[in-house]
Amino acid sequence: MNAGRDIELKSNTSVIYTAGMKTPTAAGFVVGSKLGDYPTAGGDIILTAGRDITAPVVKQSTAAWLFHYGETNWTGDPAASTVKDQASWSIMFANFESGVGPLGGSDVRVRAGRDSKDLSVAIPTTGHLTTPTTPQDQAGPVARAEDLVVRGGGNLDIETGRDLLGGVYMLGRGHAALNAGNRIAASGALGRERTSFSSSPYYRDAPVAMLIGLMDATASVTAVGDITIEGIYDPMLIGQVDANLTANKRGSAFVSFSDRAAVDASSTSGNVAYQENILRAADLSLGGAYEVRLGATSETIRGLGLIPS
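If you're matching positions, the sequence shown starts at 13 in the working numbering and goes up one per residue.
Don't take each hint at face value.
When the alpha-carbon atoms are kept at most 20 Å apart in a straight line, the in silico DMTMM-like pairs for lysine to aspartate or glutamate are as follows [to be verified]:
#1 LYS96 <-> GLU158
#2 LYS22 <-> GLU109
#3 LYS71 <-> ASP254
#4 LYS71 <-> GLU205
Taking CB as the label site, the calculated pair distances span [unchecked claim]:
#5 GLU20 <-> ALA92: 34 to 42 Å
#6 SER212 <-> GLU288: 21 to 29 Å
#7 GLY152 <-> SER212: 22 to 30 Å
#8 ARG262 <-> ARG17: 23 to 31 Å
#9 GLN287 <-> PRO144: 38 to 46 Å
#10 ASP271 <-> PRO153: 35 to 43 Å
#11 SER212 <-> TRP86: 46 to 54 Å
#12 ASP149 <-> ASN260: 17 to 25 Å
#13 SER23 <-> GLY55: 33 to 41 Å
#14 MET13 <-> LYS261: 22 to 30 Å
#15 LYS261 <-> VAL42: 18 to 26 Å
#16 ALA53 <-> VAL154: 44 to 52 Å
These aren't lab readings, by the way, just hints derived from the structure by calculation.
We put the beta carbon where it would ideally sit given N, CA and C, even for glycine.
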């Protein structure tokens, strides 16, 4: 998509994505009642604007369109815990309202002559575990790394002539290069932010800076001026929407940060600020159609920290 002047996504339902091909899952994985697709062979997306690229602040978390499942017969020792429900994560195309995404896997390239404002990009993977399930208190196989089938992913390359403002950038597998000719900061547009786990009102509206979600992926963030990153989060640990829960409202969560998950941030002449507000990745959904509510003790979000060099 090329524009001599501006590219504008006017609403949250204004999205650009490639779906790829519907692809069968591997032998041994039982889909059962699990929702979502496991596509492959998505196509590249290229956005080029002579001036600005703008979008509204997203009002959903990754959990709205990337459903995940799984449960173990937990013994306290992962090497001795069998599979109760095979782990998986899959695409819910109809729910996607997060800007731009090659949802079957591929690359995204964005160029703005001036600013990119609140554009969000998601390049997910899908995954499914083929280890057989075992009833509670019975002997059975333990999940192995080679039993996990992961598809999709890709690289993200964003470059602005001036400012890179806001945005949620999620990568399942690959590398994101986020580069600004001036600064990386919040745009001033408002999004939901949690103020309480219990009392009402439990959220407020506040500016949203850059959020980065990583699984088996890395990101480099560079700017000439100041850089502000609000949070770096694990997409599989940010809670789930109601449609992704069981009948008794039970959910699942697992760590998807791989050993190589990392973010490098570098400013030529400014400051680098990391706000460590990893809850914001879920907070943006509050009050919306794909709301994720977190209990103070029942849900966990895990984030990356930045180490000054």
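Hint-by-hint comparison with the structure:
1. LYS96 <-> GLU158: Measuring from Cα to Cα gives roughly 18 Å; hence the hint holds.
2. LYS22 <-> GLU109: 12 Å, holds
3. LYS71 <-> ASP254: At roughly 16 Å apart (the allowed maximum being 20 Å), ASP254 and LYS71 satisfy the hint.
4. LYS71 <-> GLU205: 11 Å, holds
5. GLU20 <-> ALA92: 34 to 42 Å: Cβ of GLU20 to Cβ of ALA92: about 54 Å, so the range 34 to 42 Å is violated.
6. SER212 <-> GLU288: 21 to 29 Å: At 26 Å between Cβs, range holds.
7. GLY152 <-> SER212: 22 to 30 Å: For SER212 against GLY152, whose Cβ atoms are near 46 Å apart, the range 22 to 30 Å is violated.
8. ARG262 <-> ARG17: 23 to 31 Å: 50 Å, violated
9. GLN287 <-> PRO144: 38 to 46 Å: About 44 Å separates the Cβ atoms of GLN287 and PRO144, which means 38 to 46 Å holds.
10. ASP271 <-> PRO153: 35 to 43 Å: Because 24 Å falls outside the window, the suggested range is violated.
11. SER212 <-> TRP86: 46 to 54 Å: Violated - the Cβ-Cβ distance for SER212 and TRP86, about 34 Å, lies outside 46 to 54 Å.
12. ASP149 <-> ASN260: 17 to 25 Å: Given a distance of about 21 Å, which is inside 17 to 25 Å, the answer is holds.
13. SER23 <-> GLY55: 33 to 41 Å: 24 Å, violated
14. MET13 <-> LYS261: 22 to 30 Å: 41 Å, violated
15. LYS261 <-> VAL42: 18 to 26 Å: 23 Å, holds
16. ALA53 <-> VAL154: 44 to 52 Å: Given range 44 to 52 Å: violated, Cβ gap about 32 Å.
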